[in-house]
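Chains A and B, in that order, are what the protein sequence lines are. Numbering follows the working numbering, in which position 47 of the first sequence is assigned residue number 47; successive positions increment by one, without gaps. Numbering follows the working numbering, in which position 181 of the second sequence is assigned residue number 181; successive positions increment by one, without gaps.
I should point out that these hints are in silico values taken from the structure, not numbers from a laboratory. Take the hints with a grain of salt, since some may be wrong.
Far from chain A by the CB rule (all over 12 angstroms, computed), these chain B residues [said to hold, decoys possible]:
(1) S57
(2) S174
(3) R199
(4) Q208
(5) P275
(6) I290
(7) V293
(8) G298
(9) G361
(10) P394
(11) A416
(12) A434
Covered, in the sense of this in silico footprint (three residues per stretch, anywhere, with C-beta under 8 angstroms from a C-beta of chain A), are these stretches of chain B [unchecked claim]:
(13) 139–149
(14) 154–163
(15) 177–186
The following residues of chain A were derived to be distant from chain B, with all beta-carbon distances above 12 angstroms [to be verified]:
(16) P56
(17) A62
(18) E64
Just so it is clear, CB atoms sit at the ideal spot from N, CA and C, and this is done for glycine as well.
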Amino acid sequence: MTMEFLVASAIAVLTAAGVYLALRGRTFPVVLGLAFLSYAINLFLFAMGRLVIDRPPILDKAAEGYTDPLPQALVLTAIVIAFGMTAFVVVLALRAYLEIGTDQVDGHEDGEARP
Amino acid sequence: MNASVSTLVVATMLLPVVVGSISLLALKHRLGLSRLVSLGSSLALVAIAAALTIHASGGTVESYALGNWRAPFGIVLVLDRLSAMMLLLTAVLALAVMTYAVVTGVDRKGWHFHPLFQFQLLGLNGAFLTGDLFNLFVFFEVLLIASYGLLLHGQGPRRLKAGVQYVVINLVGSSLFLVGVGLLYGVTGTLNMADLAVRIAAAPPGDQGLIAAAGLILTVVFALKAALVPLHFWLPGAYAATTCAVAALFAIMTKVGAYALIRTGTLIFGEDAGPLAFLAGPWLLPAALITIVVGFLGLFAARTLREMAAWSVIGSMGVLLSAISVFRVEAMGPALYYVLHSTLAAAALFLVVDLIARRRGEHGDAMTVGPRFCQSELLSGLFLLAAIGIVGLPPLSGFIGKLLILDGVRAAPEAAWIWATILITTLIGVLAFARAGSRLFWKSASIEGEIPQRVLRGQTAGVLTATGVLAALAVLTVMGGPVTAYTEATAAQLFEPQQYVSAVLGETAGGRR
Chain A
1 MTMEFLVASA IAVLTAAGVY LALRGRTFPV VLGLAFLSYA INLFLFAMGR
51 LVIDRPPILD KAAEGYTDPL PQALVLTAIV IAFGMTAFVV VLALRAYLEI
101 GTDQVDGHED GEARP
Chain B
1 MNASVSTLVV ATMLLPVVVG SISLLALKHR LGLSRLVSLG SSLALVAIAA
51 ALTIHASGGT VESYALGNWR APFGIVLVLD RLSAMMLLLT AVLALAVMTY
101 AVVTGVDRKG WHFHPLFQFQ LLGLNGAFLT GDLFNLFVFF EVLLIASYGL
151 LLHGQGPRRL KAGVQYVVIN LVGSSLFLVG VGLLYGVTGT LNMADLAVRI
201 AAAPPGDQGL IAAAGLILTV VFALKAALVP LHFWLPGAYA ATTCAVAALF
251 AIMTKVGAYA LIRTGTLIFG EDAGPLAFLA GPWLLPAALI TIVVGFLGLF
301 AARTLREMAA WSVIGSMGVL LSAISVFRVE AMGPALYYVL HSTLAAAALF
351 LVVDLIARRR GEHGDAMTVG PRFCQSELLS GLFLLAAIGI VGLPPLSGFI
401 GKLLILDGVR AAPEAAWIWA TILITTLIGV LAFARAGSRL FWKSASIEGE
451 IPQRVLRGQT AGVLTATGVL AALAVLTVMG GPVTAYTEAT AAQLFEPQQY
501 VSAVLGETAG GRR
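Let the sequences and hints guide you as you build the complete structure.
The following block contains the structure:
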């Protein structure tokens with residue numbers, strides 16, 4: 001099994017899990033789904049610099065080649081932003097749960113009449 | 001770029017950062033001082049943006065390499081006519097909203113209004129100036145984070161519920177944005193927008209499928225920000241739940257999506273892109289036409305004035321995007337004029353709605369027949385003007401904007417559809433606002449008694465601020481000649497991206513190798 005297949009299927013599984021959870025009705029699974037989605041995106045961005053083994057991320061005359069450092073910088077930025085956003089959405093969801101009294105994303109318990 | 005212009009360009013971002021940080025860290029408990037600083041910063045931004053617009057109207061495209069790193073490798077800020085115009089629009093809107101928030105005391109309703117407002121301006125200005133796609137993503141995140149805070153300002157269950165939905169939908173949008181950016185980088189090896197334009201024009205046929213996929217994914221993301229049907233459903237809830245002053249500022253947020261569509265559509269996927277040229281157009285146009293219909297029909301579904309204002313934002317975005325999506329130079333100029341108009345008109349409507357709601361006691365902004373309230377006559381006049389503005393009747397600038405759009409799309413093959421949709425929906429809009437106005441002001445006049453006058457903060461000053469925004473619409477009408485000359489020149493510049501590309505990639509002074 002090649003590395004490309006492993007990475008690609010990992011991205012696929014993470015995305016599928018993320019989309020499924022993000023479509024759930026309660027905020028906690030939705031937050032988990034967003035986290036899974038951001039993991040999938042991070043892996044995807046990383047793979048966009050091509051999968052290379054044993055190469056330095058800078059030009060080095062002693063090495064045979066180099067691996068593209070830019071996606072690694074992009075992923076770092078994306079991780080920081082996704083981490084901050086996840087923390088924010090967790091706090092927001094908790095606060096909404098305490099104020100509204102339900103953790104349904106649309107603010108209505110199951111079976112309750114919708115306006 | 002000469003030193004004074006580059007200083008001004010950087011100042012549009014440094015000023016909000018510095019002022020926001022100071023009012024966050026040092027002025028947390030000194031509301032008066034942080035108001036003063038915020039108003040000063042907004043005024044200064046108007047002056048800076050005006051100076052930049054005058055400079056950009058000369059027709060040169062200025063590129064500033066951050067940290068002096070040469071263009072495709074470093075991040076560049078680019079000032080052309082479009083970005084200068086958007087900066088000026090943002091600054092004027094921000095000044096009006098900040099004034100309104102201060103005189104009516106909206107900023108007292110919760111913590112950190114002023115820092116959040118400044119960071120919102122940072123995100124907006126950065127998004128309009130950056131010449132790098134990933135940097136655009138970062139500035140989108142900055143303005144979104146600030147907007148989450150502003151949306152929740154004042155709190156309350158309804159606002160929290162709308163906040164959760166708004167944040168979740170935007171987080172999904174950000175993930176899609178990264179997919180599009182990643183794909184483009186994977187295929188072309190660059191994220192600089194000018195460099196992308198060059199590489200995509202020279203892309204081998206085998207790569208074009210992937211590039212088209214990336215371009216359409218980005219289109220979906222920007223359409224989500226621009227509230228295009230079927231990605232509009234977050235907007236009425238979010239805008240109707242937040243405070244009106246914040247909603248008035250958010251009038252520019254949907255335009256960020258429209259700006260990104262224009263920028264990527266004319267630069268990265270411009271005429272030179274061969275088979276990929278203007279690939280978003282055929283998808284955008286039907287969606288835009290449906291958006292107009294849904295937006296104006298939504299006016300009838302609205303149960304409160306704020307919901308009504310929110311639906312009219314959707315409708316006006318539809319009009320704007322239908323003009324953009326034909327991607328013709330003669331339609332782009334009117335579209336840009338309509339950007340100016342619809343932003344200010346939506347903001348004016350939200351402010352007038354707030355003035356009315358604050359005077360109606362427990363009736364608030366609900367569309368109920370209630371007794372008269374103080375300043376009833378004056379506010380009915382303002383409501384009429386704001387409705388005329390947003391629907392697009394003469395004499396205000398909405399009429400000119402729609403007329404120019406109808407004229408601009410005439411040569412497009414889809415012109416008949418656009419004409420029919422815009423004309424019929426304008427009538428629907430007139431009916432909806434007439435219904436709301438007659439219920440609120442006319443029928444209420446026959447009811448005995450008057451809603452007792454509460455002590456209102458900034459009773460006169462609030463009215464004056466809202467009138468000021470309406471006056472800006474009048475200025476846009478009276479100055480129609482110079483303004484349309486500027487927007488037409490902007491459209492011409494957008495459809496000649498070579499100038500942009502050579503300003504960014506050619507003869508970069510003092511770049512490191």
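Checked hints:
no. : hint    : verdict
1   : S57     : holds (35 angstroms)
2   : S174    : violated (8 angstroms)
3   : R199    : holds (15 angstroms)
4   : Q208    : holds (17 angstroms)
5   : P275    : holds (23 angstroms)
6   : I290    : holds (24 angstroms)
7   : V293    : holds (24 angstroms)
8   : G298    : holds (16 angstroms)
9   : G361    : holds (23 angstroms)
10  : P394    : holds (38 angstroms)
11  : A416    : holds (39 angstroms)
12  : A434    : holds (26 angstroms)
13  : 139–149 : holds (count 3)
14  : 154–163 : holds (count 6)
15  : 177–186 : holds (count 7)
16  : P56     : holds (18 angstroms)
17  : A62     : holds (22 angstroms)
18  : E64     : holds (20 angstroms)
Checked against the numbered hints above, the structure breaks only hint 2 and satisfies the rest.
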